[in-house]
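Protein chains: 6
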Amino acid sequence: MNRNIETFIGCESEYEDSKIVIFGAPFDSTTSFRPGTRFASKVMRSESFGVETYSPYQDKDLEDINVFDGGDLELCFGSPKKALDAIEKFAAEIVKDNKIPCMIGGEHLVTLGTVKAVVKKFPDLHVIHFDAHADLRDDYLGEKLSHATVMHRVWELTGDNKIFQFGIRSGEREEFTWAKDHVITNKFDFTNLNHAIEVLKGKPVYLSIDLDILDPSVFPGTGTPEAGGVTFKELLKAIIDVSKLNIVGCDVNELSPIYDQSGSSTATACKILRELLLAIYK
Amino acid sequence: MNRNIETFIGCESEYEDSKIVIFGAPFDSTTSFRPGTRFASKVMRSESFGVETYSPYQDKDLEDINVFDGGDLELCFGSPKKALDAIEKFAAEIVKDNKIPCMIGGEHLVTLGTVKAVVKKFPDLHVIHFDAHADLRDDYLGEKLSHATVMHRVWELTGDNKIFQFGIRSGEREEFTWAKDHVITNKFDFTNLNHAIEVLKGKPVYLSIDLDILDPSVFPGTGTPEAGGVTFKELLKAIIDVSKLNIVGCDVNELSPIYDQSGSSTATACKILRELLLAIYK
Amino acid sequence: MNRNIETFIGCESEYEDSKIVIFGAPFDSTTSFRPGTRFASKVMRSESFGVETYSPYQDKDLEDINVFDGGDLELCFGSPKKALDAIEKFAAEIVKDNKIPCMIGGEHLVTLGTVKAVVKKFPDLHVIHFDAHADLRDDYLGEKLSHATVMHRVWELTGDNKIFQFGIRSGEREEFTWAKDHVITNKFDFTNLNHAIEVLKGKPVYLSIDLDILDPSVFPGTGTPEAGGVTFKELLKAIIDVSKLNIVGCDVNELSPIYDQSGSSTATACKILRELLLAIYK
Amino acid sequence: MNRNIETFIGCESEYEDSKIVIFGAPFDSTTSFRPGTRFASKVMRSESFGVETYSPYQDKDLEDINVFDGGDLELCFGSPKKALDAIEKFAAEIVKDNKIPCMIGGEHLVTLGTVKAVVKKFPDLHVIHFDAHADLRDDYLGEKLSHATVMHRVWELTGDNKIFQFGIRSGEREEFTWAKDHVITNKFDFTNLNHAIEVLKGKPVYLSIDLDILDPSVFPGTGTPEAGGVTFKELLKAIIDVSKLNIVGCDVNELSPIYDQSGSSTATACKILRELLLAIYK
Amino acid sequence: MNRNIETFIGCESEYEDSKIVIFGAPFDSTTSFRPGTRFASKVMRSESFGVETYSPYQDKDLEDINVFDGGDLELCFGSPKKALDAIEKFAAEIVKDNKIPCMIGGEHLVTLGTVKAVVKKFPDLHVIHFDAHADLRDDYLGEKLSHATVMHRVWELTGDNKIFQFGIRSGEREEFTWAKDHVITNKFDFTNLNHAIEVLKGKPVYLSIDLDILDPSVFPGTGTPEAGGVTFKELLKAIIDVSKLNIVGCDVNELSPIYDQSGSSTATACKILRELLLAIYK
Amino acid sequence: MNRNIETFIGCESEYEDSKIVIFGAPFDSTTSFRPGTRFASKVMRSESFGVETYSPYQDKDLEDINVFDGGDLELCFGSPKKALDAIEKFAAEIVKDNKIPCMIGGEHLVTLGTVKAVVKKFPDLHVIHFDAHADLRDDYLGEKLSHATVMHRVWELTGDNKIFQFGIRSGEREEFTWAKDHVITNKFDFTNLNHAIEVLKGKPVYLSIDLDILDPSVFPGTGTPEAGGVTFKELLKAIIDVSKLNIVGCDVNELSPIYDQSGSSTATACKILRELLLAIYK
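Residue numbers (the working numbering), protein chains in the order written: chain R, 4 to 285; chain C, 4 to 285; chain B, 4 to 285; chain G, 4 to 285; chain P, 4 to 285; chain U, 4 to 285.
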C-alpha cells in the first residue's frame, strides 16, 4: 500500500516524464485587503475531481499529456523576501530541467519569484499579464514587495515595454500615468491582444493570470472583486490565443476560497488551469 | 381551520381542475460530487413567495391557469431502483389522467422515472435535454443507474436520434464520441435549437432542464458548476420557443440549495419554473 | 488625538466645502421578503477601502472633488412614518444649503423621504428610476408606506409622466396596467434611455437606483434577486449618460449584505457609488 | 390527490381534535439590530422532519397527542399595530375554543398579541418569561411597540408582580431598576424557578420563551446573541418543571435562521418545541 | 521530485511499519436528512495541519508512533452494498496484517463494512458505540442498509448484549424498546461506562464514534445535530478510558464539513482522531 | 454637521479625559493557518451597537467611565517589524500620558508592540496570558517574529517567571518543556489563578487575552479553534479577579470575523471588551 497521493486531476505523471510542472505557492502575507489566497492550490487540487480531464473546447485530454504536480511549497508567512527566495529556487530547478513552471498562487506577489527564475534563463523575457489591477505601484506603505507592486518589480527585471497588460480596470491614477512610459496597459478587456501576439511571436513569454480579471459574477471568490471584468469565454479564448506563443512559464493566482462559498469560483479556476495546461502543452 | 397547505406560488388548483401537475422528487443518492439537490423542491416552494405570479415576459399569470402541486414524494435514499419506481408510478397516474407531469428534482437521474411513465403512453417520445453535462456514460463505477448515465438510460427507452441535447460543455471524450451515433448533441449553447424545433413539430416531446446549463454566474447553487454556460435570457427564450411543441412531460432539476448561499439560484429556479408552466400551459 | 472618523473612501471633505452630501438611511422595516438592507451603508463605508478613489472609466478621482459623508441617520424600526420624516428633515437641510443629497438605503421606501425634501425646492421634479421592480402598488396588505408602493407615493408628489422607469422586470399585472397612464415604464433594460435624456434636458432630475436592476449574477446580495437584469457596464453607462442632466438628488439602495457572502455585491455597490459621485459632481 | 400539506412534525391533527394549536407569527419589523426571525416558523416546519416525534427525556411521543398546526399568519411588515391585531384575533379564536395557543415567533413583540387574547379570558394571568433580555423599556426611540418594550406592555395588561423573568443578562440599567418594583427578575439562570412554581400553582400561566436565553454556543442563530446563557438541558428541565402549572398559552421566539448557518439552532428550536408540546399536553 | 503526498498530520509512516492504518470511507448515500459526510476524510486531512501532533492531555506525540494513512477508498454512490463490500475488503487486508483499522466516515453505515472484516477475525467481538442516535431500526423505508439501521445490522453479526451504546438521545420509541432485549443502551451520557469497561476487559473491542454524540455547540458540523450532547472533555476522557481495552478496530464518523462553516467541528474531529490514535497505540 | 465618527459603544470620551485608550492593530501577516484577525477591531466597533453599555455582572456602565477610541492603526502587511514599531510608537504615547493602552488585535504577535512600550515604563512588568496556545516557540520556519513565538519574545523583555499562562492546551512538546524553566504555564483552565493574583499584588501587570482560550463552542470565530476551552463565565470571572491587580496595559486578540458567520463570536468579544474596560477602570 502507498501513502495517499493527491494531485490536480489528470496531472499524475512522474517528474522526469513531464513537460510542465505545477506547484502551489500558498502565500498571501502582503495582501492588504482580504486574505485567503494561501488556500487556493490545496482547494483546487481537492475540488479538481469535480472537473473532467477532457476539454470539449480544445478536444484534448489531460490524460494524454504529461504534467507533474509537485505539491505546495512551505512558505514563511510574514517574510515576503524568504517566500520569494523559496519560490525562485524551486522554479529555477524546473527551468533548469527544461520544463515549464506553472505556479498556482497565492497572492500575485508570488509571480515575482517564478519570473526571477525564468528571466535568468530567458533574458529577453516578455510578460503577458491578465488582471483587473495594474499592480504597478513602486511601494505600498513603504514596502517594495507587495501584491500591489509586483508588476513594478517585474518591470525592473524585464525593462520597458516588455509587459503587456490586459483587463486592467483598477489602480491609482499614478499607476496609469507611470504605465504609459514603461508597460503596455490595455484597459478593461482583451482589445489589442491579437496585436500583442503578433509582436511577441518568437519571443519567450511568461503568462501571468490574475483570476480577478474575470468579472465577479463569474469569479466572486477573490480578495478584491472588481465589477466590469471579462467573461469565462473571453478569458478562455485569450488563453488559447496566447498559447500559440512560446510560453516558458506561467501562473494562475488570486483565488481566495474563503470567499467562494458556492465553490463555483474554485471550479472555474480548475477549468482555467485545465485549459491552460492543455493549451500550452506541445 | 385547515391544516397548513404549502404549494409553489400560484399553483393552488385542485387536481381535477389542473392540466399540469408539479411534484418534487427529492433524491440525490447517486450524485458523485456535491450532493444536496434533495432539498430543491422544498426550498423552491418556500422561496417562491418572493416571486410574482405574473410574467412580464409572456404577459401571463399563474393565477389564470390551473396547476396542481402534489408535494414531494418520499423516496428511499440509497436505493436508486426503488426511488425510480416510485417516481414512475406517480408520474404514470398523472399521465393516465391526461395531465402533464412537471417534476422538480433532485439529481438528474430522477428524469428516468418520469420518462419511463411518459414513454409508455407516447412510444414515439422525443426528448429535448438542456444541460452542461452529457450524462451519457453507460455506467458509473459499475452502476447503471446514476446521474452520469441518465441520458444513456433514456436513450435505451427512446432509441437513436430521439434525444436533442443543448448546452453540453462537460463530459468524457467517450461520451462525445458515443453521442455522434445515437443522440443529437449541440455543444455549449442553443445553436440549432430552431432546427430541432422544426424537426420535432407534431411529435410528443419531453423537456428535461438541468439548471446547470446556466452559467455559474447566474446559477452557482448546483453540485457541479460549469463555467461557460448560457444566460437566463437565453434559457428563457429557449423554453418559450420549445413550448410551441407538444410538451407531454418535463422536469427542472439540479438546484442544490446548500450551495446557494445568496438565494439567487433558488429565485432563478423559481422563475424558470414559472415561465415553463406559463409557456407549456395551453 | 481624534476620535475615530469613518467615511466612505475619498469622501472626507467638511460639510461647508462639499457639493454632495452622502448619508445612510438604515431602514428596512417594510421589506416583505428578505430584510437586511439596513446594514448597507455601514458595510459600504467599511468595505470601500478595498476600492480605489480613481475611476479609469471617467478618468476622475474622488480625491479631487468635495463630498461630505454625514454618517447614518438613527431611524426607528417599526415606524415607516417616523423614519421617513427623519429622512426628509435631514435631506431638507442639505437641499436648503444648495447641496445634492445622495442617500444610501436601506429599502427603497427611503427614497420617499428624500424626494419629499427635494420636490419642495424643485416642484417640477422628474424622477429617473432604475429598478427590477415596478414598486407601483397603491398599498401592500393595506399599508400605504411600503417598499412595494414607493413609486406610487412618489407619483403622488410629482404627477403623471414625470417618472421614467428602466429595467423593470417584476410586478403584478395591475402595476404594469396602471403604469401605462401615469409613468413611463421601460421594461427589462435601458432601451429608450437616450430619448428620456432628451426629454429631461434642463429639468431638475432625481435619480433613484435600486441596485437590483443589476442581474443577480453581478449583484446577488439583495432581498429579491430577479434574474434577467442589466450588466455592470450597462448600468455604469446609464449613470454616466444620465449625469449630463441636472441631477438635484439621488440614491442607491437595496444592497443587503447578509446575502452577499462573497462581498462582491458590496464591492460593486461601492464602485457604483464612486462612479455616481464622480459623474454628477460638476 | 391532495394539495401539499406541511406541518410541524407529528402535529397533523385536525383542529377540532386538538388541545394545542401551533401557529407562526412571521414578523420582525421592530427588531433594532439583526432581523430575520420572520423566517423561523417556516424553517422550523421544514427542518422538523430531521427530529424524531419521540422524546426519550419524557418518554412521550407527538404521535400520541393531538396538536393542530394552523400555519403562518400573513402579517403586515412595517405596521406593528396591525400585526399585533391580527395575532390577537387569531389567538382569541383558539382561546375561545378552549385550546392552548402555542405561537412561533417572530421577534418577541408578537408575544403581546397572544397575551392580549389570553388575558381577556384569564384576567389573573401570570407570565413566566425566559429570556436573555429584560425587554422592559417603556419605549424605543419613541415607539411603544417594540421587541425591546414588549414586557413593559405585557405588564400594563397583567399588573405588578405577575411577570417572572429568568435568565436575564442584558438590558439598560434603567430596566433593571424599574423591574424591582414591578416584575420579578431573576438574572442569569433559573435560580428561584422552583419558588416561582410554588407561588404560581393553580394560577393561569403564560409561558414565553425567548430562545436567546440559551447560550450562543447552543443557539447562535438569533438576532442578539448574549454570551453567558443557560444550557439546553437546563432549559429543558425548566420547561418540564413549569409545565406542571396551568399553562394557558405559550410561545417560542427569536430564532433567526439567517444566522443559523449550520442549522443546529433550528434543530434545537424544533426540539424545544417538541418537548414543550409534550410537556404541556395533558 | 516526488508527487504530492497528503496524509493526516503526523501519520506519515510506511504501511509495513505501522500498527494502525487510517483510511477514509467517503460515502453518504443513505443519509436521509442532510448529506455531506462524504467530504469528511478529505477535509480532515487538509485541515489537520492546523492541529499539533503533540497532545498535552496524554503527553504523547503522533511523531513518536507509527500510523499509516491509506487515503480514501473510491466508493460507488447509490449502491450501499458495493460500498460496504469495498470497505470490508480493504479493512480485511489491514486486519490480516495484524494492524488496527481506523476508518474515517462517511455516514455511520460504513461502520458495517469494517466491523464485518474485524468480526471474522475476532468472532467474540464487542462493540462500544458512542452516538446521539440509536441507529437500531430494522429497516428504513424498506431498506436494510441505512445509516439508521447500522447497529441493528452490527447486532446481527455480534449477537445479543455485545453492543454497548452511550450518549443516545434520539430515536423512535420502537428502537428503545427493541434495545432492551438486545443491546446495552445508555442514554444521554457516559454514565456506566466504567462498568462496561470492567465487563469488556480482555475482550476484543470495536469502538465506533459517531461524532454527533458531542453537543451541537461543540460540533455543529453534522447532518443531524441533537442538542443535549456530551462535551469535548467528556468524550476525550471516555476515549482514553476505553483505550485501556483491547481495541481491534475503530472509526470516527458523521462530520459533515458543509455544515461546519467556522471549521471548528473539523478541528475538533481532527483532535479527537489524534487523541484516539495516541490512546489506542500500544 | 460633523463627519461620521465611529467608536466602540460607550467609548466616546475625548483623549484628554480618558484613563483608558482602546485602539485596533489590524495585522495578521504571520498567521500561519487561517488569517482574518485584521478585521476584528473594525467589525467589533460596528457590531458593538448590539451590546448594551451596562453590565449586570459588575453593575457598571460604560457611559459612566471615560474611554477614548483612537481607531485603527494603518499597519504594513508583509512587514512584521514595521507593524510592531508602529504599534509600539502609538502605545508609548498612551503610556507617556499615564493612560492604559487596551489594544484590539489582530493576531497575537501585536502584543509584542504594546508590551515593548509598556515595559519601558514599568521595567518590573509581569504578564498574565490567557490563551489556548503556548506561543513559546523560539522561531517559526526561521522567523523570530510570529504569532507562534510572541510569548518567547515577550519573555526576552521580562525575564524568567514573569509570564503567567492560563488555559494552554496546544503546542509542541518543546514549548511545554522550555516553559518549565522560564514561564508559569497553567494548562487547560484557570486553576491556580488565585495564587498568581496573590503573587502579583502590587506589581505592574499586562493582561493579554487571546480569545481562543474560550471553547470553540463559545468562540468559533478564530483562526485556530481548540476544543476543550473555558466558558464565557469562567473567562469573565478570571478577568474580574485579575482586574484587582495593577493593570497597566492589556489586549484582546485573535477574533477572526471571517469564521464567525453567526456573529456570536464577535458579540462575545464585544462583551469581553466591555467587561474588561469596566473591570480595570478605577
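Treat the hints as calculated values from the structure; they're not laboratory data. Any given hint could turn out to be false.
The list makes no distinction among identical chains, and a pair is therefore deemed to hold if it is satisfied within one copy or across any two copies.
What the hints assert, rightly or not - Taking lysine to aspartate or glutamate pairs in the EDC-like style, the calculated list, with each CA pair at most 16 Å apart, reads: (1) Lys-123 / Asp-100; (2) Lys-63 / Glu-177; (3) Lys-102 / Glu-17; (4) Lys-99 / Glu-177.
Values in this document were obtained by computation on a predicted structure and should not be read as measured data.
How the hints compare with the structure:
In this assembly of identical chains, Lys-123 and Asp-100 lie within 16 Å of each other by CA distance solely inside one copy; the values are 14 Å within and 52 Å between copies. Within a single copy, Lys-63 and Glu-177 get their C-alpha atoms only as close as 43 Å, which misses the 16 Å cut-off; across copies the closest is 12 Å, which meets it. In the homo-oligomer, the alpha carbons of Lys-102 and Glu-17 lie at most 16 Å apart inside one protomer (13 Å), although the nearest pairing across protomers, at 31 Å, exceeds that limit. Proximity of Lys-99 and Glu-177 under a CA criterion of 16 Å is satisfied in neither setting, with 38 Å inside one chain copy and 38 Å between copies.
Checked against the numbered hints given earlier, this structure breaks only hint 4.
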